[in-house]
Each structure stands twice: as C-alpha cells, then as structure tokens.
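Residue numbers (numbering that gives the first Met the number 0), protein chains in the order written: chain A, 0 to 243; chain B, 0 to 243.
Heads up, some of the hints might be wrong.
Copies of the same chain are indistinguishable here, so a pair counts whether it falls within one copy or spans any two.
In silico BS3-like cross-links for lysine-lysine, where the CA-CA straight-line distance does not exceed 30 angstroms [to be verified]: (1) Lys204 / Lys149; (2) Lys132 / Lys36; (3) Lys132 / Lys76; (4) Lys242 / Lys149; (5) Lys76 / Lys204; (6) Lys209 / Lys149; (7) Lys39 / Lys76; (8) Lys132 / Lys209; (9) Lys132 / Lys204.
Hint data in this document are derived by calculation from the structure and do not stem from the laboratory.
There are 2 protein chains.
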Amino acid sequence: MRNIKLTVEYDGTNYHGWQIQPNAITIQAAIQDALAKITKTHTQIIGAGRTDTGVHAAGQVANFHTRSQIPPIAFQKALNATLPRDITIIDVEEVSPDFHARFNAVSRTYRYTILNRAYPSALLRNNAYFFPKPIDVQGADAIYRFLVGKWDFSSFQRSGSERINPICEIYQCRCWQEQDLVYFEIEADAFLRGMVRAIVGTVLKLHDRKDGINRLRGVLDARDRSTAGASVPPHGLSLLCVKY
Amino acid sequence: MRNIKLTVEYDGTNYHGWQIQPNAITIQAAIQDALAKITKTHTQIIGAGRTDTGVHAAGQVANFHTRSQIPPIAFQKALNATLPRDITIIDVEEVSPDFHARFNAVSRTYRYTILNRAYPSALLRNNAYFFPKPIDVQGADAIYRFLVGKWDFSSFQRSGSERINPICEIYQCRCWQEQDLVYFEIEADAFLRGMVRAIVGTVLKLHDRKDGINRLRGVLDARDRSTAGASVPPHGLSLLCVKY
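All chains should be built: construct the whole structure from the sequences, respecting the hints.
Right under this line is the structure:
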C-alpha cells in the first residue's frame, strides 16, 4: 500500500470541524468522499489536528493508505476538481509507509486573528474575531510568552474532553499587531481540546493587569477550567502548519 | 436636510452588485433598507461607483440626505448593527449639503487580485481569480502602465452599456506580485461598465508578447469590444477607494 500525505487549506465556516461524525458535514468526510470518488474505494484519512467547528486551516496535514497508482500531482488535481471550493489540497507527497500524520507530528502551529478597531469588517467577518476594546499588545505579548515551556494545561481544556496527559510543551508563542489586526501565534507539541481559544481569551482578560503573569500562573496551577477566561470564538482560529 | 457621507466595505459575493434593481439583492438596497429601519423614512443613497455582481469594495463611498438628527458615530453603530455582516460601514461623516458621492468624485481606485499558482485557494476563493499559468509580471506591468493618460476606452466597455463619453483619464496603474498573488491596481477619473475586468483580461492576453504594447494601442484605436481580451471574472475585483 502506498502512503500519501496531503497538506490541506480550508475555510471552516461551513463545516462541523475536521473530524468525521454522524449527521454533520466535516472536512474529513468531504475529503474521504472525494477520495472515494477518485479511487472507487472507501479510504480513511488521518489528520494531524482535529480543528473545531468554524476553525480554518492554512496547512492541515493528513495521510491515507491506498492501492491506487495515481501519481501525487494527479491526486492533487483530481481532489481539487472534486472537493468543494472551500477545501483545497495545496500539496500531495508520497511518504514512507509508516508515516502517521497525527503521531509523527513534532509540532502544530495555530494563529488567532483579532480585528481590533471600533467597527467590524465585512471582508474579514469569517476569519477574524471583532474585538473593539483597545488591546495593549506589548502587555498581551509579555503574558502570552510566559507560557513557553512545559505546563499542565488542564485549566485550558474544554470540560468533558479531558485528556489523560494534560501536559503540553509550548515551543514558541508571540502576539503582535499589523494595522487593525492583532495576531496570537502559538507552536506546541500538542494541544488539548479548545486550548488555543481558552488561552487567547485568558490573555485578553489579563493583558492590561500589572499582575497578569501571576494570575496566569495561578490559572495554570489551579488545573480548573473555571479559573481561566472565556474562550474566544472559533472563526478567528487557523491551523497554520504541522511540523514532522 | 443634513447630508451624510458613508464609506462602505462589502463582500459582493452574495449580491447582484451595488445598484438597486427589482427582484435582486443589491448593496444599495440593503443599505437603504437599514436606513429605513433606523430613520423610519425611505432614504435614497447615491454611490460613487456601480460595482457589478460579485465585485467587492474596501472603500465604496455613498451619501444621503436626511432630516434625522442621529450623530455620525451613532449612525455608524446603528447601521452596522442592522446591516448583514457582509456589509460594513467603516466611516460616517456629515458633509456640506452639495456633496455628491458620484459627481464630486475626483478619482476611483480599483484593485484586481489574481492567485497565480498551480492550485486554487479555499480561503481566497471569493476574493482572487485563480489563474494557474505563469504571469510575466514585469511584462504585464509595462503594458498596463501604457494606459496612463487620456484614452477612448470604447473597446473596454461592456456591449449594450455604451456611455456617451467613452474618454477616461488613467492617473496611475501598476501590476505587482506578492508571493502567490498578482495585483493590478488602477486609478482613473471614471470607468466605463466592465472596463477594469476587460483591461486586466486584455493585459493578461498580451503580457508575454513582444508587441504587446502595440497590440494594446491597436485595441484602443479600434474602439470595438471584440478586439480586446475576454474579461476576467468579477470576484477578483474590489473598489479600493474614492477620492474627492
């Protein structure tokens, strides 16, 4: 069996997230349906990150095993011709048989985008969270960067989705501004369910407090979701890339 | 009567263009409907540029006369709370009674965006024209800039929409590339119907020919739509700004 690696861009607005589930349109299901049409076989794909409803991706990675002899570039063309226009395959590669998009990932990088001005944006309505209150970007960046390192992120995990191992290592994170947009980017070995949105919400809540870093430390120590800030909405979030 | 100037951003994907018409959803109609709800009076608005179906705007300008005493900032908030999310009022100003968004405009600037790579983009599907063949951007820029000055643009006018005066003055235009995106920007005193899309289509057709400029000159001289290239599709086009 060949092992094919896909890099996928999608607009998550009209999907119930990545992962296949009954009675809901998901990215994984759409790609599997397209593969079934192309290869005439049911094919299961493995995604690197399970993005939630409304979350986008610039570089999600997935892989699948197939007996098909279609060359990678032809797979890409056939998939892009078959998939809905809000899902694009930006790269196809044949990889070694043991490559696993999820387990072999060394890090995932997410970016959260905030529109920080007094009025919303028609053009960015599905891709940036409209937050009209002024943000002290330097303050937010200082608090945010405190997270670099290994931490127990239980306080930032969606309740009801507890993972056995809540320890994640943040390799880098930074917050910066470009005109009206404020970006929060974060790279880690792994993320718990809802973790990025809970972190950004908490940083937004604490960013203009002098004791913000201490408070963030307190939230981490508490290991209790109720101590963190409210999650920011999903449409500002995008899975940027996955490293192997 | 007060005279109110609006600066409007919109995603034209779901609209039949700017101008009001029976049995079709238009930007003008949506704004007039919102104004009627807010002021309790039917109010006609005047737009600077009549964008076509599927064309976007980052800075369309419109004005309307009203007896309402609502302050500009409150008008903006009320309109943005009432309008669909794909139309945003980015500025409201009270202007002199004789200001006319269309007749007083000194120039309009349009930008056309092309995604120039081998595969499409899910995230840009409604805002950039996917054109996979390589573009010689320097060649395109040279031909495009030839248009600066006063010309008879009859050859670039949508047939059936002939304007009495087909002379437009191009103040500036340029074509450049940023990563996978190629932009064509153009500022002129006026534009004929379909003119930008016909120009970009013609430049794309001629850009890699040694005699491209001569051929473009020939198209201008012919004053015949059939001599120009096919129009590029509307979703790559955006009305960037209007100067007064």
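Okay, the hints, checked on the actual structure:
In this assembly of identical chains, Lys204 and Lys149 lie within 30 angstroms of each other by CA distance solely inside one copy; the values are 22 angstroms within and 56 angstroms between copies. Proximity of Lys132 and Lys36 under a CA criterion of 30 angstroms is satisfied inter-copy only: 27 angstroms between copies versus 48 angstroms inside one chain copy. In the homo-oligomer, the alpha carbons of Lys132 and Lys76 lie at most 30 angstroms apart only across protomers (15 angstroms), although the nearest pairing inside one protomer, at 44 angstroms, exceeds that limit. For a Cα distance limit of 30 angstroms, the shortest separation of Lys242 from Lys149 inside one copy, 18 angstroms, qualifies, whereas the shortest one across copies, 53 angstroms, does not.
Taking CA atoms no more than 30 angstroms apart as the test, Lys76 paired with Lys204 passes between copies only; the shortest distance there is 24 angstroms, against 45 angstroms inside one copy. In the homo-oligomer, the alpha carbons of Lys209 and Lys149 lie at most 30 angstroms apart inside one protomer (24 angstroms), although the nearest pairing across protomers, at 60 angstroms, exceeds that limit. In this assembly of identical chains, Lys39 and Lys76 lie within 30 angstroms of each other by CA distance solely inside one copy; the values are 16 angstroms within and 53 angstroms between copies. For a Cα distance limit of 30 angstroms, the shortest separation of Lys132 from Lys209 inside one copy, 18 angstroms, qualifies, whereas the shortest one across copies, 54 angstroms, does not.
In this assembly of identical chains, Lys132 and Lys204 lie within 30 angstroms of each other by CA distance solely inside one copy; the values are 11 angstroms within and 48 angstroms between copies.
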